[in-house]
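Take the sequences, apply the hints, and build the full model.
Residue numbers (the working numbering), protein chains in the order written: chain F, 22 to 195; chain G, 12 to 263; chain P, 904 to 1379.
Hint data in this document are derived by calculation from the structure and do not stem from the laboratory.
Glycine included, each C-beta is placed from N, C-alpha and C at the ideal position.
Treat the hints with care, since some could be wrong.
Said to hold, decoys possible - To give an idea of the interface, some chain F residues facing chain P are shown, with a C-beta separation under 10 Å as derived from the structure: (1) L68; (2) R148; (3) V187.
To be verified - Which chain P residues stay away from chain F? Per the calculated CB distances, all over 12 Å, these: (4) Q915; (5) D929; (6) Y1083; (7) M1257.
Unchecked claim - If you want the ones that stay clear, here's a sample from chain F, every Cβ over 10 Å from chain G, calculated: (8) Q73; (9) A85; (10) I105; (11) H194.
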Amino acid sequence: MSDNPAILAIFADLDPAADAIEQLRRLGIHDNHMNVISGVPITEAMLGRPNQWTNVPRLALGGAGLGMLTGIFLAFVSPVMYSIQVGRQPFTPVPPSLIVIFEMTMLFMLLATFLGVFLDSFFPNYRPMHYVPEVSDGKIAILVECPQEEGAAIKEALKKMGAESVQEAEAQHL
Amino acid sequence: MIDLNIVGAKGAIAEEAEGKWGMVIDQDLCTGCQACVAACAMENNIAFVGEEDSGYGRSMHWIRIERFWEGEYPNVKMTRYQPMMCQQCGHAPCEPVCPAFATVHSQSQQVNLQVYNRCVGTRYCANNCPYQVRSFNWRDYADERINAAIRTLKNQYNPDVTVRRRGIMEKCTFCIQRIHKAEDKAKSEGREVADGEFTTACAQACPADAIVFGRIDNPKSLVAQLTRQRDGVRHLEELGTLPRVTYFAGGQ
Amino acid sequence: MSDTQPHLTHAQEHEAKLREEHLMLDPLPRGRMNEMVMESMRATTWKFWLVFAILSVIVAWGLFYSWGKMILEGLGIAGVNRPSYWGIFLVNTVFWIGISHAGTFISAILRVFKAEYRRPFTRAAELMTTFGLVQAGFSIFMHMGRVWLSYWLFPYPNQRGLWPNFHSPLSWDLLAITTYLLASTMYLFLPLIPDLAMARDRSTGWHKTLYKILALGFRGTEGEWAHLRNAMNIFAWAIIPVMFSVHTIVSWDFAAATRPGWSSTIFGPYFVVGALHSGMGAVVMVLAVVRGTMKHMKYFIRPEHFEAIGKLMLIISMTWVYFFFNDYIVQWYGGDKWTQQLLHFHEAGPMGWMWFGMLFFNMILPWAVLWNRKWRSTPWLLFVTGLGINVGMWFERYIIIPVSLTINRMPFTWRMYQPGVEIPLGIGTLAFFILLYMAASKLIPLVPVWEVQEGQMAHSFKTYGRETVVTVSELE
Chain F
22 MSDNPAILAI FADLDPAADA IEQLRRLGIH DNHMNVISGV PITEAMLGRP NQWTNVPRLA
82 LGGAGLGMLT GIFLAFVSPV MYSIQVGRQP FTPVPPSLIV IFEMTMLFML LATFLGVFLD
142 SFFPNYRPMH YVPEVSDGKI AILVECPQEE GAAIKEALKK MGAESVQEAE AQHL
Chain G
12 MIDLNIVGAK GAIAEEAEGK WGMVIDQDLC TGCQACVAAC AMENNIAFVG EEDSGYGRSM
72 HWIRIERFWE GEYPNVKMTR YQPMMCQQCG HAPCEPVCPA FATVHSQSQQ VNLQVYNRCV
132 GTRYCANNCP YQVRSFNWRD YADERINAAI RTLKNQYNPD VTVRRRGIME KCTFCIQRIH
192 KAEDKAKSEG REVADGEFTT ACAQACPADA IVFGRIDNPK SLVAQLTRQR DGVRHLEELG
252 TLPRVTYFAG GQ
Chain P
904 MSDTQPHLTH AQEHEAKLRE EHLMLDPLPR GRMNEMVMES MRATTWKFWL VFAILSVIVA
964 WGLFYSWGKM ILEGLGIAGV NRPSYWGIFL VNTVFWIGIS HAGTFISAIL RVFKAEYRRP
1024 FTRAAELMTT FGLVQAGFSI FMHMGRVWLS YWLFPYPNQR GLWPNFHSPL SWDLLAITTY
1084 LLASTMYLFL PLIPDLAMAR DRSTGWHKTL YKILALGFRG TEGEWAHLRN AMNIFAWAII
1144 PVMFSVHTIV SWDFAAATRP GWSSTIFGPY FVVGALHSGM GAVVMVLAVV RGTMKHMKYF
1204 IRPEHFEAIG KLMLIISMTW VYFFFNDYIV QWYGGDKWTQ QLLHFHEAGP MGWMWFGMLF
1264 FNMILPWAVL WNRKWRSTPW LLFVTGLGIN VGMWFERYII IPVSLTINRM PFTWRMYQPG
1324 VEIPLGIGTL AFFILLYMAA SKLIPLVPVW EVQEGQMAHS FKTYGRETVV TVSELE
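Here it is as structure tokens:
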């Protein structure tokens, strides 16, 4: 990914950016070599991009399962390991166990979801990355990876589609 | 582990388990002299809290004599005195609510245990006791910097009983140290504990013999016989606590 | 506007009025909004530091000094006794957990219901959740007799052969509050990441280093947004049952006990609604203060937001009254003699003024103020109402805990509760809450600008015949 030079084009509006992406596809750039960086979440459909896959829901489900097992362990197994009798209730009563199981399931599910964001996005990431601060001011940046020869043609095309600025992307510390 | 003969099929203490140690208190005989209160305090190293704290409801007495009156002045009539201590409930409401397992049920002695060194002082047990017989150590009452008189009172401490510090809950234990001593002695002599061989401090001190303590599961013991002779009442038993103390009042 | 363009059509005037009222219809360039939020964070006057200093002193005296004294001397310097073994510490615990529920209500429930007006203040509300739970944590640790041994309540393998008791509602409390605290902090942090990235891009010096570390290298790529929004969705839906379970479990501390007046089956939902009641009152107070004291906040937080929250407050107040009356009438009608004695003590005993005060602040004041649309849109009036509701709800919890504990089934033990060191400790937690909030307002952007822009993108005007209406597109 870092071998091929990268071009960063900044657009101020949604429509020119969507047109530019279509144009790039016509020029032969594959969707995998394009990336859109924006300060506001823009759905992939708006830009005509393929849907982004995310592992977060599966991790959340896995977390929930782990949590449920932990809850069952705390409620039904741990009292047997440390057996102390208190009156008025069976040794492992069901209603309090349900509470413990519920809370542990939710806790682990949400922890897993949070962790999932970190894992999927490779957070924390302090290496130099392709980025321009204008993105957080609402601009839409399109990052294109292309072979050296086609670089000039692509820059030309992007400028024609209305990019505010087109430049060679430099990986820099954020 | 758990003796399923005592612990019923669901795991809870079975209704039929009548318990092992119990008491009978005859309110017709009680004179309200508070000898039991004093004896209990001496036997169990109970600190005294001083006038101010006592007036604010912080007295540490494990047994108290409750006094009521009926009617409006000037036609006021005193009712019978009511000694109230831990009822050692079979279904103790104080037990399931302690988050630290500091109050548990003794399977061998069938009494409610208070484990001082486990208590972290959340006081949920005291809130859940319908008899309000639990005392909390609001301060280091046994420390002579708080309570100057303790300096000499320390000389009469019972070596068989811990001295509690601040932040710990305590309550009547049916003099479990005396129970253990008697049982150890009997075991070393290879016999059972005889009825009347020992008794609790309050029963021992009562000049009217209003308090009788013994094995309620042994039909030949004095306690069991007294219970059979008269109609007694168990306080708040409708709450399902299975108290082990029977009160007689009103003659028969 | 009418001065410079005297020939506006009726439709244009209508549009202009809507634009002034609604933040979502009044977009500014994102860069400008970013600048405004950063400026409101940075602009600090001497008044801020004065209040900060005073609060720090109060926290040092009320929280740290008093608590240290209580740990050394024991709970004797507090007001708890037999039979009121629990007093203001538990009142404050329930109170702070109640306040923390409002944050989740706004950032989760309003998100699930797609209430667009929530956008500018979700973070301000969610901060209240985290800081409120911190105060609740303080209050619950304060009430313990031997707090230095509180680690025994955590389940971990040990050589003492001992384990916490999961039959106990206090252990459920521990699990629930830990879950809620972690969940709401994570839910606070996730939508904060893009704003931290924005702050990183607009800062220098140690600020920039701080934001750079906290922003985790967020850029805004499609993948990052997809993961983030997916996670936020899961959180929004999942944290709602957690929120309900937390205050229900807190209510079971009381409902599971055998005390008259406590053993009421309605406590679960009653407490949850009570939490929302005091929480929304607190949110509106915080928003009024933020809007009044921080620069540029008048653009983001408008009377329309107060109007919307005021409507919610009215509904919640009515729901609270419904649950309160439910609890009251069944006890009054068919309760046993102890419960009826307790009800009489509530109204006619020495703390009867508090009982009536509770009804005034929780029912009469909100109903008198919040029905009127114009009054609902007035920030200072809503601040006063919110304050009143919080006082009323604190009264309600005081009635439920120490006042109800006074009457039990053993009349010989009945005795009044008189607070002692609980008062400085309670004031200390309040001061600490405000202090934490003030510190946060200077360190993190209070308004989620990307969410505001997202909402503004989705709102537009549409003409039906002669009428111009607001439309909201479903962008997600």
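Going down the list of hints, with the structure as the test:
no. : hint  : result
1   : L68   : holds, 9 Å
2   : R148  : holds, 8 Å
3   : V187  : violated, 18 Å
4   : Q915  : holds, 24 Å
5   : D929  : holds, 16 Å
6   : Y1083 : violated, 9 Å
7   : M1257 : holds, 32 Å
8   : Q73   : holds, 46 Å
9   : A85   : holds, 26 Å
10  : I105  : violated, 5 Å
11  : H194  : holds, 49 Å
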